[in-house]
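Novice: Protein chains in written order, with numbering that gives the first Met the number 0: chain F, 0 to 118; chain P, 0 to 118.
By construction, these hints were calculated from the structure, which means they are not laboratory data. Just so you know, not all the hints are guaranteed correct.
Each pair may be met inside one copy or between any two copies, as identical chains are not told apart.
Claimed, not checked - The list that follows gives simulated cross-link-like pairs (lysine to aspartate or glutamate, EDC-like), each with its CA atoms no further than 20 Å apart:
id, residue 1, residue 2
1, 3, 106
2, 3, 68
3, 29, 46
4, 34, 73
5, 36, 110
6, 86, 2
7, 34, 89
8, 86, 46
2 protein chains.
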Amino acid sequence: MEDKVNLAAKLASFDGHFSPKVVGELNDYKIAVVKAKGEFVWHSHPDTDDFFLVVAGRLTIQLRDRDVELGPGELFVVPRGVEHCPKADEEAHVLLIEPLGTPNTGDAGGDLTASEERI
Amino acid sequence: MEDKVNLAAKLASFDGHFSPKVVGELNDYKIAVVKAKGEFVWHSHPDTDDFFLVVAGRLTIQLRDRDVELGPGELFVVPRGVEHCPKADEEAHVLLIEPLGTPNTGDAGGDLTASEERI
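Extracted from the complex, chain F is given alone in its bound form (with noise of 0.2 Å):
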């Protein structure tokens, strides 16, 4: 069985911005944890909604007609196919909740998509 995570320890584990990695799985989702800073990529998913939860710092989760701020301890689920676009100013450390198999690039895909990498 696995053991608890420490999800400050996970983010300490490595670096990058915008490339989640996996720490644990709920049945058929995975539960990772990413380095936000500067801005990502518009984008959307047309099957899952999907959750962020701000461990530290600030992240906004721009929407097509508003911001949404959040600081730690604040989340917020992006419904399915609603366009989002985060971005941080300052390194912002963030737990997500999606489907396995959801990119983190949506419909957009490109050169920030990346790989289900566990740690």
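Position chain P against the provided structure of chain F, taking the given hints into account.
Specialist: Just chain P now, kept in the frame of chain F:
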């Protein structure tokens, strides 16, 4: 569209222990917060894993063969079918994620079974 969720604010808005409150949804999963104090009831969920993330305080997830001790920023996923019994000597605040319709008491039932109240 739902707004963001501030976990501390949600947790400050109710009293009572081992009575989860739903604060959001992720596809067909519920995102809930709970205040734990004392010992819950031994149970398992035959059809789903069970996600625990400690927001504040300390939570012990007793398994039949060991205890998993969680502090703030630590998560554990109890695999489906595995008996567990959460306990907390002092009040702990916890984020839970599991499929909508999953009873908090799993296969045990009884007086501690909570409705899926949304706050």
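Novice: Taking the hints in turn, state whether each one holds.
Specialist: Status of each hint after checking the structure:
Proximity of residue 3 and residue 106 under a CA criterion of 20 Å is satisfied in neither setting, with 33 Å inside one chain copy and 23 Å between copies. Taking the shortest Cα distances, residue 3 and residue 68 sit within 20 Å of each other only across copies (8 Å), while inside one copy they are farther apart (29 Å). For the homomeric pair residue 29 and residue 46, the shortest alpha-carbon distances inside one copy (15 Å) and between copies (17 Å) are both at most 20 Å. For the identical chains of this complex, residue 34 and residue 73 are neighbours both inside a copy (16 Å) and across copies (17 Å), given an alpha-carbon limit of 20 Å.
With identical chains, the CA atoms of residue 36 and residue 110 are at most 20 Å apart within one copy only, with a shortest distance of 16 Å there and 47 Å across copies. For the identical chains of this complex, residue 86 and residue 2 are inter-copy neighbours only, at 18 Å across copies versus 31 Å inside a copy, given an alpha-carbon limit of 20 Å. In the homo-oligomer, the alpha carbons of residue 34 and residue 89 lie at most 20 Å apart inside one protomer (10 Å), although the nearest pairing across protomers, at 32 Å, exceeds that limit. For the homomeric pair residue 86 and residue 46, neither the shortest alpha-carbon distance inside one copy (22 Å) nor that between copies (37 Å) is at most 20 Å.
Checked against the numbered hints given earlier, this structure breaks hints 1 and 8; the rest are met.
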